[in-house]
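Take the sequences, apply the hints, and build the full model.
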Amino acid sequence: MPAHILQIDDNAADIELLRVALEDSNWDVRFTGVADVAQGRAYLVEQAALKSLPNLILVDQSLVGDGPDALFAWLVAQEMAIPHRIVFTSGTSARRRTDLERSGSTGVYIKPTLYADLVSVTVPKLRELIDRDTVHG
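Take 14 as the starting number for the sequence shown in this note's numbering and just add one per residue.
Because the hints were derived from the structure by calculation, they are not lab data.
Any given hint might turn out to be false.
[Stated by the list, open to error] Derived CB-CB ranges, DEER-like:
no., residue 1, residue 2, range
1, 75, 115, 15 to 21 angstroms
2, 125, 39, 15 to 21 angstroms
3, 123, 63, 29 to 35 angstroms
4, 45, 83, 18 to 24 angstroms
5, 108, 37, 31 to 37 angstroms
6, 107, 15, 33 to 39 angstroms
7, 79, 25, 17 to 23 angstroms
8, 117, 63, 18 to 24 angstroms
9, 63, 32, 18 to 24 angstroms
10, 89, 146, 18 to 24 angstroms
11, 141, 115, 20 to 26 angstroms
12, 29, 133, 14 to 20 angstroms
13, 106, 134, 18 to 24 angstroms
14, 108, 14, 34 to 40 angstroms
Glycine included, C-beta positions come from ideal geometry on N, C-alpha and C.
Spelled out as structure tokens, the structure:
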């Protein structure tokens, strides 16, 4: 069964870059990108009904409107077990990182500025997280 990743980001270019990087990686992964938390919630409800929740959600820290904190609180309220809830950001403070972890984030990743880094660093890290769960989970 392929890995399943949901990215929530209001920057369509960031979604497209990750989609292409995942395709280039030859990793068997199902990827969906949506523009906001409302679309993300709708997708998750649909996938929960199909018993096909993602292994990992990447959420842009600077979403307009509801951001990662609101999404993570909703996931807890809905009792949706998603192993990895990662905040994807261009930078964050230590205090904000702590706040995100308290709200339910399982990690904060800095968005790479170069496509080559997305392919060589970020995608392998995501794959390692999911593969570890698949092997040991």
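- Query: In ascending order, which of the hints set out earlier in this document are inconsistent with the structure?
  - Reply: none
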